Amino acid sequence: MSVTALLEPQALDPQLELAELTEAARGDGAIVTFVGLARPESSSGEAVDALVLEHHPTLTRQSIEDIAVGCAERFDVSHVRVVHRCGTVPAGEPILFAGAASIHRRAAFDAVDYLMDRLKTEAVFWKREVGDDGTKWIEPTEADLVDRKRWG
Amino acid sequence: MRIRLYGRLADAIAPEVHLAAAGCSVGEVRELLAAEHAAVARSLEASRAVIADSFVGEERIVGESEKLEFLPPVSGG
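Listed in order, the protein sequences are those of chains A and B. Numbered as in this note's numbering, the first sequence ends at 152 without a single skipped number. Numbered as in this note's numbering, the second sequence ends at 229 without a single skipped number.
No lab work stands behind these hints: they were computed from the structure. Bear in mind that the values here come from a model prediction, so they are computed numbers and not experimental data. Hints are not guaranteed to be accurate.
Stated by the list, open to error - Pairs of lysine-lysine residues, derived as DSSO-like cross-links and limited to a Cα-Cα distance of at most 30 Å, are as follows: (1) A/Lys-149 <-> A/Lys-136; (2) A/Lys-149 <-> B/Lys-219; (3) A/Lys-120 <-> A/Lys-149; (4) A/Lys-120 <-> A/Lys-136; (5) B/Lys-219 <-> A/Lys-120.
Claimed, not checked - Simulated coverage check for chain A against chain B, where a stretch passes if three residues somewhere in it have a Cβ under 8 Å from a Cβ of chain B: (6) 1-14; (7) 22-34; (8) 101-115; (9) 121-127.
Using N, Cα and C, we set each Cβ at its ideal position, and we do this for glycine too.
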């Protein structure tokens with residue numbers, strides 16, 4: 001069993017993260033991953049140049065680790081890996097890699113679903129979209145909050 | 153005392169402010185800041201207070217040499 005939770009200030013390479021997880025998962029039967037990308041358009045249709053993720057020097061990484069550990073304890077998975085960008089992420093680039101490995105696929109699917117629902121609402125970030133129209137702070141959507149409640 | 157702010161609070165006020173509030177509780181500091189910055193009073197009200205990486209309650213007295221942080225509601229990842 002391993003749990004990895006990293007805060008990445010530089011560019012995130014999902015292929016490298018998958019390679020790390022695959023290496024750790026020898027003997028497992030399934031890996032499920034999710035890669036989040038910075039959208040080039042806001043929810044109201046304005047062009048977005050970049051997403052800025054402000055973070056707390058210690059509590060942000062701690063929040064990611066707490067979520068990853070919670071995932072490992074809840075599901076029958078052997079490895080959990082979460083790597084989250086902080087700082088300025090240009091539109092189209094990866095913000096997040098979340099992956100889980102397990103003997104059977106269902107636990108890995110559920111684990112990543114859980115990771116994402118908690119990360120979207122609880123990870124300690126303050127996000128703002130930057131575009132031609134200036135900067136706009138982002139809050140979790142109602143759908144994000146409803147999704148989070150699925151897990152109690 | 154030093155007060156560190158994040159997110160929209162840092163945007164509206166400043167990332168860090170110094171306040172002459174020796175002997176004040178977290179709640180009293182929060183009220184002082186909200187009175188000075190009415191535009192973000194609701195965000196301040198909804199913010200969690202942190203000292204030395206631990207969440208603290210409203211009654212906690214803030215030492216002059218301590219750093220008090222206000223974390224507004226998070227955006228999530």
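Against the structure, the hints:
no.: 1; hint: A/Lys-149 <-> A/Lys-136; result: holds (26 Å)
no.: 2; hint: A/Lys-149 <-> B/Lys-219; result: violated (34 Å)
no.: 3; hint: A/Lys-120 <-> A/Lys-149; result: holds (12 Å)
no.: 4; hint: A/Lys-120 <-> A/Lys-136; result: holds (17 Å)
no.: 5; hint: B/Lys-219 <-> A/Lys-120; result: holds (28 Å)
no.: 6; hint: 1-14; result: violated (count 0)
no.: 7; hint: 22-34; result: violated (count 0)
no.: 8; hint: 101-115; result: violated (count 0)
no.: 9; hint: 121-127; result: holds (count 7)
Against the hints set out earlier in the document, violations occur for numbers 2, 6, 7, 8.
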